[in-house]
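Participant: For reference, the chains in residue letters:
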Amino acid sequence: MKKRNTLGAALIATLLAANGAMAEELSIVCSNEQDWCDLMTSAFTEKTGIDVSMVRKSTGETLAQVRAEAGNPKIDVWWGGTGDPHLIAAAEGLTQPSGVDTSELLGWAQKLADISGGRTIGIHLGVLGIAYNDDVLKEKGITPPACWKDLADPMYKGEIQVANPNSSGTAYTELATLVQVFGEDEAFKLLREIGKNVNQYTKSGSAPSKAAARGETGISIGFEHDMVKLAKKGFPLKIVSPCEGTGYEVGGVSIISGTKHLDAAKKFVEFALSAEAQSLGPQVGVYNVPSNKNATLPPEAPDPSTIKLIDYDFATYGSTETRERLLKRWDEEVKDAGN
Amino acid sequence: MKRIIFQWIAVGLAGFCLLPWYMVDGGFWSFGWITDPASPENAPALLQILLHGRWWLAGALLALLAAALVQLLVKPPVRAARLTAAVAALGLGWTTLQGLVIVRHGPRILKDLLAGTAAEQGQIGFGAGAAVTLLGLLFVLTTAISGMGKGRGDAFVTGMIGLIVSLVGVFVFYPVAHILISAFQTSAGAFEPGLFIPRFFSADIWGIGCLVGQGSCGPAINSLMLAIAAGVGTTALGLAFALIFTRTNFAAKPLLRVLTVIPIITPPFVIGLALILLFGRAGAATALFSDLFGIEKSRWLYSFWGIYIAQLLSFTPIAFLVLIGVVEGVSPSMEEASQTLNANRWQTFRYVSLPLMRPGLAAAFLLGFIESLADFGNPLVLGGNFNVLSTEIYFSIVGAVANPARAATLAIVLLVLTLGAFLAQRRWVGTKSYATVTGKADSGAHVALSRGVKWACYLTALPWAAFTAIVYSMIIFGSFAKLWGYDNSFTLEHYIRAFGMKLKNGALKLTGVAWDSYFTTLEIASIAAPLTALVGLATAYLLVRQNFRGKDAFEFSTMLSFAIPGTVIGVSYVLAFNFPPIELTGTALILIIVFVFRNMPVGVRGGIAAMSQLDKSLDEASITLGANSFTTVRRVIAPLMGPAMVAALTYSFVRAITSVSAVIFLYTAKHNMATTFIVGRVENGDYGLAIAYSAVLIVTMLAVIMATQFLFGRRRLRRENRIEPVAAGRA
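Order-wise, the sequence lines are chains F and C.
All letters in the first sequence, in the order written, are residues 864 to 1202 by my numbering.
All letters in the second sequence, in the order written, are residues 6 to 736 by my numbering.
These are computed hints drawn from the structure, not numbers from a lab.
It should be emphasised that the depicted structure is a prediction, and the values quoted were computed from it without experimental measurement.
Glycine included, every Cβ here is placed at the ideal spot set by N, Cα and C.
None of the hints are false.
Examples of chain C residues lying across from chain F (beta carbon under 8 Å, computed):
#1 Arg286
#2 Tyr307
#3 Thr396
#4 Val576
#5 Asn677
Start from the sequences, fold in the hints, and give me the full structure.
Facilitator: Pasting the structure below:
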């Protein structure tokens, strides 16, 4: 019997370790790229002296976690990632208004704050675009596309890769963009035609451009800052901003409802919106457009003045109702059109 | 009996009166609570009742005292045991109930009844005091049950059953119920069980379009086909490897051993990436075949076949680990008897050895089947438009449109498939005896394989080993290439970024970005592995050696956590353990627990397979000589379980390091895990760093596995473990 007590004791010891430490520091989930997350953490701590524990998770994972933890959040601030999940979190009351001054920000960043009642504020803008692998297209002897409509051309059969809007926010932005550019019926007709050329609807939004970079597919649709990054690494990737005009995402920053470190959280939001912080991005290969008017624009970033940007309607296309309707229609009309 | 009950009553009382009942800030081991032991946060339950008006905690105390009184006053032993069991059960039930009812914001139900009491201020999660008290009560209960004559009156056996049932209940059923319930709810959260049937039988899930030549199949059908193929394939390959190891004089066994183990110690998507670089449309092998034979470059890899190859690579080693112990354990005396009766080597293998390996084959198949069902990384990377349940579930939870009801329904489909496979393998193994390690002497020389079988093994296993070797050289190569696949010039940059260190003022400074997560991962994995092996083998012992009511249900419940995809487990852990009564999110413990309960089925399966070979007469001899069950386990069974123990230890250690999906919701900045770090880098397109990190992890794990093997791996079943010389083989 002595032995069993030892076993019991070991077990008790393990259970006791349950009372893990909860130190006083700001807990941030970062949905940007890892290097960018690390740089911001150290820059913020250096400036304010507030300890930060930052962890990187994708927007979908973060939203799922914030939902599951509602009422007793372990996260204080959610920084980065597309605006849509931030807007959903705002609509579900999972985040709270930060009341931070937005006067230095560009119009689209303020708009995100207006739509969400101040619960999420725009930090950067990412333009939707088309990328193609120069080597692959040359080898096959096909000309690169310049417009959305070009993608329907049968010569691209089996060469286009794009994400599935049911799982990817990037692909939903594309769907909503086409609907706004062409009108709903026309957009779905185009999507069906493009669908005949699509070799795979990937789960993740950034996968198509990675596949295009490696030549696994000829053409991809996604965000241009991801493509710039891959091209800068040395892949033969060329970027096209479609001639009919294109949509964009606005990345957000939100404070989680019920945070125990509200003051520190506000300080972080202020910092994330400052020109000082936003000018750091290019150091670690962040090529999207910063939201602060005074932040320096990286030379590699797609210059908004040369791209035909549509006036993306986040309020309508971010709403659950529109989203469900468009996705249902996509499932019915587009999903299997290629097969 | 009395003495043990009093011991556990004392443990329970100590927990109740001395240790802080609730979770304390800064953690138990900081001992900050000692300085202020009477505050509402730090007080033990006794003081909570007396000073802070938390009268509802008294249930446990009353139960413990009542149990003591019963033991002192009631004379007839069976009646005393029955009464003690009843009060202990009441105490446990009450304590659990109060924890579930009164949460952070006060009572959840009975608000009117509890109005005006301290309950309105709510309470936080269970701490050390509660854990010890509950444990004391639990063992009082199980000891009393053994006193009623259950479990052959063996307190050790009933205690173990009670403990494992409670652990599985708390850490598997309780969290999983949180998420499965949404299959029966409307999107607004109202309970409506009628919704389940149409959801479950939806054509979206069960569509068989691909079989009849129209469109694509539903994820359930795809998963099922894939899982059956993977189960059969991994078992066959595993058997071939196991036979080569134990029954041939193959020269390069150590090399082969390494090759068979490496795939399980590889972070999952790494294999997928290597396959793309080899066989993708722009892959090296594809280009070669295109140049040589003019085969058109295509995207065939992104389909069933790509996932299947990756899964065979990943899961064959599990089958091998399970089977090698079993193949080794088949007693030569049976084979000798067969040969004495004039059977040739093929007949001996076919009609004696192979049937004796049945439990092992069944276990290997079941593990391959379940692993394939729950596999997430490979389908994600290679799936193309081939949808399987695990990825569908993941994106139902984290996708652009979150649909918990669909996720829960798909998870239930997955469980149904698992249950089916489980029952089928039970039927196939049947109730025959497979005991061959009997304690009786035998010659110790295994019969060599017949020529046909031997070559069949060589021809299956060796090309496969070569293929594995190629895939892994690709990976090693990738970690030194500047831009894998495009700019293949040599560089050490990735390793320096990940694992750089500097000498500064005579002290070594670790500057690499990966060190932090590397050490955390190793620490958590090395705590989780022995616990997993312990829980797994203890469960196996109960299942094989003990008889009790509800054994089948118990067995299946231990398989449950393995069959549920990691994502579901991860989310359900957050849902269940972020709130009182058990608050674990943000701690390292939740990671350890999730690993222990997710990987314990491997320990269970391997243990069952190995234990069914040990003849019961060994236990009986030990018991006859006056040993109790505990001593028998320790002195007789455990030493014969070497390989099973190694398999369980190795596997759980490795899985704790390589699993991704379960920890994605659970890791924090303080407890960052290697895989999530790697996945983040891959998402960032930073393959070089990811691969370099994976390579370091692979080498680390390999070293650990070799050490484990060396320390625990050898068991002496018979005087010699050798293969009968081929020349002496009878015709």
